[in-house]
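Assemble the complex: chain A is given as a structure, and chain B must be docked to it using the hints.
Chains as they are written, first to last, in the numbering used here: chain A, 12 to 358; chain B, 194 to 725.
Hints in this document: simulated from the structure, not taken from any laboratory.
Errors might be hidden in some of the hints.
[As the list claims (entries may be wrong)] Taking lysine-lysine pairs in the DSS-like style, the calculated list, with each CA pair at most 30 Å apart, reads:
| # | chain 1 | residue 1 | chain 2 | residue 2 |
| --- | --- | --- | --- | --- |
| 1 | B | Lys-433 | B | Lys-616 |
| 2 | B | Lys-577 | A | Lys-301 |
| 3 | B | Lys-358 | B | Lys-331 |
| 4 | A | Lys-248 | A | Lys-131 |
| 5 | A | Lys-248 | B | Lys-616 |
| 6 | B | Lys-616 | A | Lys-133 |
| 7 | A | Lys-301 | A | Lys-248 |
| 8 | B | Lys-486 | B | Lys-224 |
| 9 | B | Lys-358 | A | Lys-224 |
| 10 | A | Lys-300 | B | Lys-577 |
| 11 | B | Lys-616 | A | Lys-301 |
| 12 | B | Lys-358 | B | Lys-577 |
| 13 | B | Lys-433 | B | Lys-655 |
| 14 | B | Lys-493 | B | Lys-664 |
| 15 | B | Lys-493 | B | Lys-609 |
| 16 | A | Lys-300 | B | Lys-616 |
| 17 | B | Lys-493 | B | Lys-655 |
| 18 | A | Lys-224 | B | Lys-339 |
| 19 | A | Lys-301 | B | Lys-486 |
| 20 | B | Lys-577 | A | Lys-248 |
| 21 | A | Lys-131 | A | Lys-301 |
| 22 | A | Lys-224 | A | Lys-301 |
| 23 | A | Lys-224 | B | Lys-609 |
| 24 | B | Lys-493 | B | Lys-358 |
| 25 | A | Lys-127 | A | Lys-300 |
| 26 | A | Lys-300 | B | Lys-609 |
| 27 | A | Lys-224 | A | Lys-300 |
| 28 | A | Lys-248 | A | Lys-133 |
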Amino acid sequence: MRRLRQFAADFGWPRIIIFFFLVALFFAAPLVGVRVDASLSDVFNRFGQNAFFVLALVPMIQSGCGLNFGLSLGIIAGLLGATLSVQLGLHGAVGFAGALVLSAPFAIIFGWLYGKLLNKVKGEEMTIAMYVGFAGVMFMCIMWLLLPYTAPDMIWGYAGHGLRTTISVENYWIHILNDFLEIRIGPFFRFPTGEILFAAFGAWLMWLFLRTKTGTAMTAVGSNPDYARASGISVDKMRTISVVISTLLGAAGIIVYQQSFGFIQLYNAPLAMPFTAIAAILIGGASVKKASMLNVVVGTFLFQGLLTMTPSVINSWLQTDMSEVVRIVVSNGIIIYALTRKTKVSK
Amino acid sequence: MDEAVPLLSLRGISKDFYGNVVISDVSFDLKRGEIIGLVGENGAGKTTLMRILFGMNVIRDTGGYRGQICIDGQEVRFQSPFDALDAGIGMAHQEFSLIPGFSTTENIVLNRESMRATPLNDVFGERMSILDRADMRKRAAATIAKLGVSLDPDTLVSEMPVGHKQFTEIAREINRERTRILVLDEPTAVLTETEAEVLIQALRNLAASGIAIIFISHRLHEVIDVADRVVVLRDGVIVKDTPVAGVTVRDIASWMVGRQVAADRVGEGPRSFQEDLLEVTRLWVDMPGETVKDMSFTVKRGEIFGIGGLAGQGKLGIPNGIMGLFPAGGQVRLDGRPVPLNQPRQALQRGMAFVSEDRRGVGLLLEESLEWNIAFTAMQIQDKYLRRVLGGLFRVRDEAAMRALTEGYIDLLAIKCTSPAQKAMELSGGNQQKICLAKSFAIAPELLFVSEPTRGIDIGAKRLVLDALHKYNRDQGMTIIMVSSELEELRAICDRVAIVDEGRITGILPPTAELAEFGLLMTGERVSRTRP
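So that you can see chain A by itself, here it is in the shape it has in the complex (with noise of 0.2 Å):
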């Protein structure tokens, strides 16, 4: 019983409550008529997708610099990679890794710029970032119609110029991962084994970069700059690193998350996005100066469960259509909740 406890203290009661939570909309979910292996299916895709973002927090938060509000940025890169490699023409695997490749420098030189920014305002990093992320959104907003792209599928079809709201990759490189070494089970149950094992890739590079020299800088300058600067390390440089890993790490993560989905959406698209990875991540316990990758893997998916079935459970109970209310409600509630209780951060 004190095993138990001590198990329940160490893990916190909020993840263990929000897992019985998922737990019963399981088990409720046959009785509304939701399928239980299509439901485990959605939730392993999201899980796929998210994980990228949510890892992308990681660096930032171990330097010091906060929640990255601001991911947007780096999923703004994603996109210029994304639309740039369907220019290019690029298809499937190719089409994939130079979306990859093509985002990179943008990701480099907006993490970099974006780092120096936050140098600049220490102490108020979260705020910052989350202005840096809207009004670089609305500026690509502009700079979407205006960019000389030409290849058809991307372009309204009665202007001429300026790219559509949404792109569809399916001629491209749609389900690349998805269909990786994929496990199908029935006619609802599809393992997407690509994806996971990318994001299980990702998070194996960054707990190896975390255990580095640098990465224990990095770590060392989020827990006391004041030390890390008596130990010969440089404050800035180590968090605009920071902010340029979690940058690519965005980039990264929007292009996993359009393979899947299947679509580019641009314009106000990226605006919500850092919400929800930010609400993964607390969930999973992580607190706003610590983080490790048991926290992502755990809140990434209990987040994206919760984000699955309680749409789909609560909109066959009450046969409405409530499912985009219930989403904003339970992000933005556990943001609050996190932000507001989270001192320490659990194992």
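Positioned in the frame of chain A, the structure of chain B alone reads:
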């Protein structure tokens, strides 16, 4: 009123902060028109005593005080500084509390301005009165005249020299009609010698008009100049309360620093050293509150060099400046080669290490394990405790080596902890200090700076820390520069002790020199023989 009853009388005042006694059974009297000089080292309890007298909230929040304060023979117990003001106690602080954008007059009569009624008063009441500037100016001028200084009533505070700010602050206190007791905390610290003389004359004028003054200062000759009586506090106890007549600066200095316990110096004679290791020439350091103005000194290879002095005089600025933590200039040469300033990494790579006085702020990663705390600097500077993985593609932390290192130091320095993975914040102050030492030992420096190594730790831990330094110096030949406010520990382990005052070194003494000589150097009194 009966002249025999003292104006202010303190009876058996005691105060502890969570069991740490800072004032113990302090009693003295203050008569009308008398000036008392209150002296003592940093931490002797002067400030706490004045806070009690002034009814500061911090005293009540930490459990109040014991003993009695009587004014005119009546016991008073102030609930807030306002009560103290009403009872006629004025206080001029070391840091000025003046409004920079207001003129002298406005500052002096602040919140007691002269008012003139207007027709609006009939409708809206007193709040609609307007300032009677002519009368305010007259009152300010009268106060300034009472003080006997020349001060323009119309200058803005922001445009005044510091000396005038100090006068303005005092003028504001005596402008209150009821002020009968004036407390001055280090009023001359920021003044030039001539300004100080003017102030002292002003204080005499005030005393002659019946105001009693408590004058706190480190400048002992001024105390002798101005005070009728001198009260010496040491470790929270009054060690001397005597009329000033016949007392010399040297007497006061030795009362201030003298300890009952003699320094238990390790039984060995003076050592001699040949080679110069560190040469510092015209060093300045811009460290807030610890400014170094112009310092030159040389440290020999293998010695323990002590730097002492009162707080705020610049002794802490020396290691912080040389190690690149605060903006610094001048020349520092290690082994004859110049050390670039303002670059902590360079200083560390050249074989210098620093145990900071700010243990929790700079010295430790409180939320990380002891392994991290001890190995981090060595890992970052010397690439130790790393191992290659994936065929040399990455170098990651060698957790096993870090653990072995930490366990070694836990044994060596007798660090009390549950395991090397324990968080640094969970250790006691003394054990945290040992972690800081271990961190510096781990990079095997040629020259080690230790700053306030025994601050805030108990006696047993102090002994262990000092022994560890002594051992590393003797066994490994590590040169150590130790900065400390505690003269006794400097005298106990150092080969030479430099004393710092106002950003400059006033003298270097052997540890066996008389206590009074250290005291004189600390208070900036020039003595004829500064070098043995």
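Quiz item: Is it true that the CA of A/Lys-300 sits at most 30 Å from the CA of B/Lys-609?
Solution: Given that 30 Å is the threshold and the Cα spacing comes to 28 Å, the pair holds.
inquiry  = Hinted pair, alpha-carbon criterion (30 Å max): B/Lys-493, B/Lys-655. Please report holds or violated.
reply    = 25 Å, holds
Worksheet item: Has the given pair, B/Lys-433 with B/Lys-616, been kept, meaning a C-alpha gap of at most 30 Å?
Response: Roughly 46 Å separates the two Cα atoms, so the pair is violated.
Given pair status - B/Lys-331, B/Lys-358, alpha carbons within 30 Å: This hinted pair holds, its Cα atoms lying about 19 Å apart.
Self-check item: 30 Å limit on alpha-carbon distance, applied to hinted pair A/Lys-248 and B/Lys-616
Solution: 26 Å, holds
* Restraint status (C-alpha distance of A/Lys-224 to A/Lys-301 at most 30 Å) -> 18 Å, holds
Quick one, are A/Lys-224 and B/Lys-339 close enough, alpha carbons at most 30 Å?
-> Violated - the C-alpha atoms of B/Lys-339 and A/Lys-224 are around 68 Å apart, more than 30 Å.
Check: Holds or violated: are the alpha carbons of B/Lys-358 and A/Lys-224 at most 30 Å from each other?
Finding: 52 Å, violated
If you draw a straight line from the CA of B/Lys-577 to the CA of A/Lys-301, is it 30 Å or shorter? Holds - the C-alpha atoms of A/Lys-301 and B/Lys-577 are around 25 Å apart, at most 30 Å.
**Q.** 30 Å limit on alpha-carbon distance, applied to hinted pair A/Lys-301 and B/Lys-486
**A.** Violated, at about 41 Å.
Taking only the CA atoms, is the gap from A/Lys-127 to A/Lys-300 under or equal to 30 Å? Holds, at about 20 Å.
(message) Hinted pair, alpha-carbon criterion (30 Å max): B/Lys-616, A/Lys-133. Please report holds or violated.
(response) The hint holds at about 26 Å.
The structure does not agree with the numbered hints 1, 8, 9, 12, 15, 18, 19 and 24 stated previously, though it agrees with the rest.
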